[in-house]
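Listed here are the chains, written in short residue letters.
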Amino acid sequence: MNPVELTQNALAAPAVEVSIWALFWQASFVVKAVMLGLLAASVWCWAIIVDKIVAYNRARRSMDRFEKVFWSGQSLEELYRSLTARSNEGLAAIFVAAMREWKRSHEAGRVSFQGITDRIGKVIDVTISREMERLEARLIFLATVGSAGPFIGLFGTVWGIMSSFQAIATSKNTSLVVVAPAISEALLATAMGLAAAIPAVLAYNKLSADAAKLGSRMDGFADEFAAILSRQIDDRS
Amino acid sequence: MRIGLTTSVIGHVLLFAWGFASFSGAKPFDAAPVDALPVDLVPISDVSQIAEGNKNAQKSNNASQAKVKTPVPRPDSQRVGAAKNDQSTPITEKATDTAAAKSAEAPPPPPPKAAPPKPAETPPAEKPEETKTAALEEAPKADTGEIAEKIKEADKPAPVPPKLPPVKPKPPAPTPAEDAADQPDKTPAKPVKEKPKQTQKDSKSEEFDPNEMAALLNKVDPSGGGDRESDQEASLGSENRTGPVAEMSQSELDALTAAVTACFNPPVGAEGVDQMVVPLRVTFTIDGDLAGPPEIKAIPAGPAGQAVAEAAVRAVQRCAPYPFLPKDKFDNWQVVNMNFTPPSSY
Numbered sequence: 001m002n003p004v005e006l007t008q009n010a011l012a013a014p015a016v017e018v019s020i021w022a023l024f025w026q027a028s029f030v031v032k033a034v035m036l037g038l039l040a041a042s043v044w045c046w047a048i049i050v051d052k053i054v055a056y057n058r059a060r061r062s063m064d065r066f067e068k069v070f071w072s073g074q075s076l077e078e079l080y081r082s083l084t085a086r087s088n089e090g091l092a093a094i095f096v097a098a099m100r101e102w103k104r105s106h107e108a109g110r111v112s113f114q115g116i117t118d119r120i121g122k123v124i125d126v127t128i129s130r131e132m133e134r135l136e137a138r139l140i141f142l143a144t145v146g147s148a149g150p151f152i153g154l155f156g157t158v159w160g161i162m163s164s165f166q167a168i169a170t171s172k173n174t175s176l177v178v179v180a181p182a183i184s185e186a187l188l189a190t191a192m193g194l195a196a197a198i199p200a201v202l203a204y205n206k207l208s209a210d211a212a213k214l215g216s217r218m219d220g221f222a223d224e225f226a227a228i229l230s231r232q233i234d235d236r237s
Numbered sequence: 001m002r003i004g005l006t007t008s009v010i011g012h013v014l015l016f017a018w019g020f021a022s023f024s025g026a027k028p029f030d031a032a033p034v035d036a037l038p039v040d041l042v043p044i045s046d047v048s049q050i051a052e053g054n055k056n057a058q059k060s061n062n063a064s065q066a067k068v069k070t071p072v073p074r075p076d077s078q079r080v081g082a083a084k085n086d087q088s089t090p091i092t093e094k095a096t097d098t099a100a101a102k103s104a105e106a107p108p109p110p111p112p113k114a115a116p117p118k119p120a121e122t123p124p125a126e127k128p129e130e131t132k133t134a135a136l137e138e139a140p141k142a143d144t145g146e147i148a149e150k151i152k153e154a155d156k157p158a159p160v161p162p163k164l165p166p167v168k169p170k171p172p173a174p175t176p177a178e179d180a181a182d183q184p185d186k187t188p189a190k191p192v193k194e195k196p197k198q199t200q201k202d203s204k205s206e207e208f209d210p211n212e213m214a215a216l217l218n219k220v221d222p223s224g225g226g227d228r229e230s231d232q233e234a235s236l237g238s239e240n241r242t243g244p245v246a247e248m249s250q251s252e253l254d255a256l257t258a259a260v261t262a263c264f265n266p267p268v269g270a271e272g273v274d275q276m277v278v279p280l281r282v283t284f285t286i287d288g289d290l291a292g293p294p295e296i297k298a299i300p301a302g303p304a305g306q307a308v309a310e311a312a313v314r315a316v317q318r319c320a321p322y323p324f325l326p327k328d329k330f331d332n333w334q335v336v337n338m339n340f341t342p343p344s345s346y
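Protein chains in written order, with the working numbering: chain A, 1 to 237; chain B, 1 to 346.
Any given hint might turn out to be false.
Chain A stretches covered by chain B per the calculated footprint, using a threshold of three residues with CB under 8 Å from any CB of chain B [said to hold, decoys possible]:
#: 1; region: 19-26
#: 2; region: 40-50
In silico DSSO-like pairs for lysine-lysine, Cα to Cα no more than 30 Å straight-line [as the list claims (entries may be wrong)]:
#: 3; chain 1: A; residue 1: 68; chain 2: A; residue 2: 206
#: 4; chain 1: A; residue 1: 103; chain 2: A; residue 2: 68
#: 5; chain 1: B; residue 1: 27; chain 2: A; residue 2: 32
#: 6; chain 1: B; residue 1: 27; chain 2: A; residue 2: 172
#: 7; chain 1: A; residue 1: 122; chain 2: A; residue 2: 68
#: 8; chain 1: B; residue 1: 55; chain 2: B; residue 2: 327
What the hints contain is simulated information worked out from the structure, not anything from laboratory work.
Cβ atoms here follow ideal geometry from the backbone N, Cα and C, with glycine treated the same way.
Turn these sequences into a full structure, and let the hints guide you.
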């Protein structure tokens with residue numbers, strides 16, 4: 001082989017591909033795994049975010065509708081009958097649970113006013129906690145991704161830079177052209193970690209605040225309804 | 001949950017599609033090509049050594065003043081700078097006399113031409129005066145005859161030129177008289193060298209003139225004093241040429257060594273050539289040629305030492321003219337003590 005040609009081939013700068021796909025494909029196995037995991041976490045985070053926003057909006061609207069119906073002067077018996085036919089959530093679930101307990105206390109002609117307030121209170125508490133659990137489900141995943149995402153990305157970066165330094169040591173060439181793609185590829189992992197973590201943290205803060213607001217609203221309704229039932233019990237006894 | 005997952009997946013796919021489209025290739029930086037800057041390594045001694053100049057001169061913060069090539073000195077001058085007392089050669093005012101004595105030698109060819117008209121116009125006594133003035137002012141010219149005539153015409157209103165003392169014309173007077181008598185007979189070439197002697201003898205014999213004596217004793221060539229070497233201010237430095245004012249730069253020494261090394265042929269079968277050092281003493285002429293055969297100062301140790309030393313001498317001789325050596329630094333490389341190291345590539 002022509003020696004001049006040989007040196008030219010050796011000296012020619014390696015063709016550098018810096019597109020995102022090329023960077024991902026050049027990465028080592030560990031970095032690829034980290035990036036894929038972070039991508040999945042980001043997808044799942046956004047799925048949760050969208051789902052929760054939709055769910056909270058629906059819950060808020062259904063609460064508004066129920067309160068309008070509840071305070072419209074309609075008979076509570078009728079309301080109960082119309083609501084038991086379908087599955088309920090939010091304020092309706094609390095109302096149905098309390099009414100069911102009230103009805104059971106009056107079943108078979110026996111009237112046991114003893115302890116009915118306590119039982120109704122317990123049923124309401126259980127329903128509220130169940131509702132809150134449903135509202136806050138999967139929010140903890142957002143919190144986890146928000147705190148752990150940067151670390152996972154950083155791990156990928158450190159691993160990638162480590163292996164690229166090993167490659168540099170083997171190739172005995174410290175030209176920036178040789179070093180740059182590997183470092184760029186390694187930094188992609190941190191970028192993905194941050195991209196997953198930042199929306200997760202923001203969404204977690206907003207969604208947990210929304211859930212707390214809905215929970216306090218349910219608490220307020222439960223207290224009012226318990227007061228109404230308690231007055232009824234006192235009137236009848 | 002399905003709505004959220006679907007939305008999220010679609011969003012990520014769209015985001016990555018946009019990412020692939022927009023980050024497909026990084027925009028390269030615009031790096032303007034920089035021209036290569038030639039660098040010559042200059043020894044610090046060029047700057048740090050005391051330059052020749054005047055101690056009282058103003059210091060100029062011009063670091064390059066030591067490196068400036070000094071112009072070739074004008075003849076008859078020594079000092080650098082525009083000092084008023086630049087002229088190291090004293091002005092010899094009386095030198096005109098010696099010039100006249102010389103001119104008395106030089107003009108003889110013309111006398112035959114000049115002789116015929118003279119008797120008619122002027123008495124012979126005045127004639128040497130004119131020839132003298134002619135010689136004084138137009139010494140190099142051979143045909144003083146015509147000029148002498150012109151000067152004669154110009155001088156007539158004031159026959160005695162101001163520069164010459166009035167006494168002088170007298171002593172040479174007899175000579176022209178003799179010349180005038182002799183010349184018609186003799187050929188002009190022969191009497192040339194005899195005449196001055198005659199005049200001296202005659203003058204001595206006739207009368208003692210102290211001025212004439214001084215003129216005769218002054219054997220120095222006439223000179224108008226030295227010229228200024230340059231029109232620039234004297235630079236700060238020592239007036240004594242103590243240190244080497246201009247040293248050979250490293251690159252020049254390297255060039256010499258490289259040239260010698262290129263011509264070196266190692267002796268056949270010699271071993272350990274690359275560890276040897278042959279100290280040579282080479283003498284140059286100003287043309288860069290060798291003034292003599294290089295001298296081996298010490299023969300390197302080892303069986304091949306003698307052969308290698310001779311090979312080094314042959315190498316110096318083979319490349320002999322080294323025209324790249326700077327002539328203005330001839331003092332520094334007139335004698336070069338070089339430690340010649342044979343190239344190790346053999």
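Practice task
For the pair supplied as a hint, residue 122 of chain A and residue 68 of chain A, confirm whether the alpha-carbon distance does not exceed 30 Å.
Solution key: holds, 25 Å
Handout entry: Satisfaction of hint between residue 32 of chain A and residue 27 of chain B, Cα-Cα up to 30 Å
Key = holds, 25 Å
Problem - Satisfaction of hint between residue 206 of chain A and residue 68 of chain A, Cα-Cα up to 30 Å - result: Satisfied, since the Cα-Cα distance of roughly 27 Å is no more than 30 Å.
Problem - Hint consistency between residue 27 of chain B and residue 172 of chain A [alpha-carbon to alpha-carbon, up to 30 Å] - result: holds, 27 Å
Problem - Pair hint residue 55 of chain B and residue 327 of chain B, alpha-carbon separation not exceeding 30 Å - result: holds, 27 Å
Exercise for the section: Establish whether the coverage given for the region 40-50 of chain A by chain B is satisfied; the threshold is a Cβ-Cβ distance below 8 Å, and no fewer than three residues must meet it. Expected result: The restraint on the region 40-50 of chain A holds, since 9 of its residues have a Cβ under 8 Å from chain B and three suffice.
Exercise for the section: Given the hint that residue 103 of chain A pairs with residue 68 of chain A, test it: the Cα-Cα distance must not exceed 30 Å. Expected result: holds, 23 Å
Handout entry: Outcome, coverage hint (the region 19-26 of chain A, chain B; C-beta under 8 Å; three residues)
Key = Holds: 3 residues of the region 19-26 of chain A have a Cβ under 8 Å from chain B.
In this structure, every one of the numbered hints holds.
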